[in-house]
Amino acid sequence: MMDGSGNGAGELLTREGILALVTPQRRRVDVPEWAGHVYVSSLRGVEYVEYVEALNALLESERPQIEKNLAGACLLLAFSLTDEQGARLFKVGDVARLVDAPQRESMVLLRLWQEVRSLNPTGAQPEVLAKNSGPDLG
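Just so we're aligned: 78 in our numbering is position 78 of the sequence shown, and the numbers increase by one with no gaps anywhere.
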């Protein structure tokens with residue numbers, strides 16, 4: 001707690017500084033395995049709420065835990081992979097197809113997942129995808 005003497009942490013925040021921080025981030029990621037690129041985007045407040053609601057519904061399902069973990073990681077991809085304008089590439093209904101991706105494509109999704117995690121520090125841990133998409137599964 002500040003003692004009134006101005007000895008708080010850092011500088012006084014400004015309107016412009018705060019608005020710059022809350023602007024959604026988007027980063028281009030090359031995907032040479034698929035001969036193209038995508039954008040990974042940070043989730044905005046409403047998108048995060050939608051993600052959490054979809055994640056909670058998934059976690060309440062009767063699927064085995066390992067499937068829930070993988071589907072949760074793919075769900076975050078579905079919310080975060082976008083085009084240049086920031087429009088999502090996938091819908092929640094596409095998650096099952098992402099989960100069922102062959103091992104080679106799962107490794108690409110893992111790399112994209114790691115990029116997404118750098119902008120969206122939420123959801124299942126990257127190790128879940130790595131563990132569930134290793135060469136022993138294919």
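Hints listed in this document are in silico derivations from the structure and should not be mistaken for laboratory results. Ideal Cβ positions, reconstructed from N, Cα and C, are used throughout, including at glycine. Treat each hint with caution, since some may be false.
The following label-pair restraints were derived from C-beta to C-beta distances [unchecked claim]:
{"no.": "1", "residue 1": "ILE66", "residue 2": "ARG104", "range": "45 to 53 Å"}
{"no.": "2", "residue 1": "VAL52", "residue 2": "GLY86", "range": "13 to 21 Å"}
{"no.": "3", "residue 1": "TRP34", "residue 2": "ALA9", "range": "39 to 47 Å"}
{"no.": "4", "residue 1": "GLY86", "residue 2": "PRO121", "range": "31 to 39 Å"}
{"no.": "5", "residue 1": "LEU12", "residue 2": "VAL49", "range": "36 to 44 Å"}
{"no.": "6", "residue 1": "ILE66", "residue 2": "LYS91", "range": "17 to 25 Å"}
{"no.": "7", "residue 1": "VAL52", "residue 2": "ASP30", "range": "39 to 47 Å"}
{"no.": "8", "residue 1": "VAL108", "residue 2": "LEU13", "range": "36 to 44 Å"}
{"no.": "9", "residue 1": "SER61", "residue 2": "LEU12", "range": "26 to 34 Å"}
{"no.": "10", "residue 1": "SER118", "residue 2": "GLU16", "range": "40 to 48 Å"}
We went through each hint and held it up to the structure:
1. ILE66 to ARG104: 45 to 53 Å: violated, 20 Å
2. VAL52 to GLY86: 13 to 21 Å: holds, 20 Å
3. TRP34 to ALA9: 39 to 47 Å: For TRP34 and ALA9 the Cβ distance comes to about 44 Å; the hint holds.
4. GLY86 to PRO121: 31 to 39 Å: violated, 19 Å
5. LEU12 to VAL49: 36 to 44 Å: violated, 30 Å
6. ILE66 to LYS91: 17 to 25 Å: holds, 23 Å
7. VAL52 to ASP30: 39 to 47 Å: violated, 30 Å
8. VAL108 to LEU13: 36 to 44 Å: holds, 39 Å
9. SER61 to LEU12: 26 to 34 Å: Violated - the Cβ-Cβ distance for SER61 and LEU12, about 47 Å, lies outside 26 to 34 Å.
10. SER118 to GLU16: 40 to 48 Å: violated, 25 Å
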